[in-house]
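Colleague: What follows is the residue order along each chain.
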Amino acid sequence: AQTVTQSQPEMSVQEAETVTLSCTYDTSESDYYLFWYKQPPSRQMILVIRQEAYKQQNATENRFSVNFQKAAKSFSLKISDSQLGDAAMYFCACTSYGKLTFGQGTILTVHP
Amino acid sequence: DVKVTQSSRYLVKRTGEKVFLECVQDMDHENMFWYRQDPGLGLRLIYFSYDVKMKEKGDIPEGYSVSREKKERFSLILESASTNQTSMYLCASSPLGSPSTNYGYTFGSGTRLTVV
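Same order as they appear, the protein sequences are chains A and B.
The opening position of the first sequence corresponds to residue 590 in the numbering used here, with each subsequent residue numbered one higher.
The opening position of the second sequence corresponds to residue 107 in the numbering used here, with each subsequent residue numbered one higher.
Any given hint might turn out to be false.
Said to hold, decoys possible - What follows is a set of in silico ranges between Cβ atoms, one per label pair, in the way DEER data are often shown: (1) H700/A / T189/B: 34 to 42 angstroms; (2) F126/B / S685/A: 27 to 35 angstroms; (3) S617/A / M160/B: 23 to 31 angstroms; (4) F653/A / K124/B: 40 to 48 angstroms; (5) A605/A / K159/B: 47 to 55 angstroms; (6) F126/B / S631/A: 21 to 29 angstroms; (7) N647/A / M160/B: 48 to 56 angstroms; (8) N656/A / G122/B: 43 to 51 angstroms; (9) K163/B / S619/A: 23 to 31 angstroms.
Stated by the list, open to error - If you want a taste of the chain A side facing chain B, the calculated C-beta under 8 angstroms gives, among others: (10) P630; (11) S631; (12) R632; (13) Q633; (14) M634; (15) F680; (16) G687; (17) K688; (18) L689; (19) F691; (20) G692; (21) T698.
For the record, the hints were derived by calculation from the structure and aren't laboratory data.
No residue lacks a Cβ here, since even glycine has one placed at the ideal position from N, Cα and C.
Generate the whole structure from the sequences, applying the supplied hints.
Modeller: Below you can see the structure in the form of structure tokens.
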């Protein structure tokens, strides 16, 4: 069975500062994908960033980047220059035969 | 331009009622999924479907069933609603071969179901 663990139920950051959200996973697959999703109060799940497991280079999308440590099965999300609009629930997820397995979620609060 | 539509944003039902949650996608996706979201537990997969009239159990199928008579529509059925099924339900879809072929998954905006 595939598992995804987010050990930080809540995190907070000052506007313009940097914050890192943690995620660990466990899978028996050799080819898999990892995702970070954002869920604002509107509930709409928004893809933030994705990482192919076979790629060693860490994915980046503007202010969002990941630290992918395959051997440690770790996949953290770094948000730089945090903005008020980044406040949301963030979910880490891993694929298994086309299905997504999600972590428990981390609520991110951004203080002005 | 909402592409995965869930029929109700909020729903209140009584214990023992048969409940239908509807999900429609307009992207011609083969794969459709139903998840349940609870605080501290994240999203858990209830059922999924890779094709019309096809269904597979996810991690927590007990108390639920599904129907996929048409490619664009995937219904979640609570045969006899119970209070422990009070939750947020999210539908998602993805194309064949996802996620290796593209960014894949598109989610609806959820149905918050309360069973009283």
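Colleague: H700/A and T189/B, beta-carbon distance inside 34 to 42 angstroms?
Modeller: Between H700/A and T189/B, where Cβ atoms are some 37 angstroms apart, the hint holds.
Colleague: Any CB of chain B closer than 8 angstroms to the CB of F680/A?
Modeller: Given a least distance of 6 angstroms, the restraint on F680/A holds.
Colleague: Holds or violated: F691/A as interface residue toward chain B, Cβ cutoff 8 angstroms?
Modeller: 4 angstroms, holds
Colleague: Tell me if G692/A is really an interface residue toward chain B, meaning its C-beta lies closer than 8 angstroms to one of theirs.
Modeller: It holds, given that the least Cβ distance between G692/A and chain B is near 5 angstroms, below 8 angstroms.
Colleague: Report holds or violated for the interface hint on P630/A, using the least CB-CB distance to chain B and a cut-off of 8 angstroms.
Modeller: Violated: closest Cβ of chain B sits about 11 angstroms from P630/A, beyond 8 angstroms.
Colleague: Looking only at beta-carbon atoms, does the pair F126/B, S685/A fall within the given range of 27 to 35 angstroms?
Modeller: 28 angstroms, holds
Colleague: Regarding F126/B and S631/A, is the given constraint of 21 to 29 angstroms on their beta-carbon distance met?
Modeller: 24 angstroms, holds
Colleague: Can you verify the interface hint for K688/A: is its Cβ closer than 8 angstroms to any Cβ in chain B?
Modeller: 6 angstroms, holds
Colleague: Holds or violated: the hint that L689/A contacts chain B, with Cβ atoms closer than 8 angstroms.
Modeller: 6 angstroms, holds
Colleague: The hint names M634/A as touching chain B; please verify it with the least Cβ-Cβ distance against 8 angstroms.
Modeller: 4 angstroms, holds
Colleague: Indicate whether the distance between the beta carbons of A605/A and K159/B respects the range 47 to 55 angstroms.
Modeller: 53 angstroms, holds
Colleague: Do the beta carbons of N647/A and M160/B sit within 48 to 56 angstroms of each other?
Modeller: Violated, at about 37 angstroms.
Comparing the model with each numbered hint stated earlier shows that hints 7, 10, 21 do not hold.
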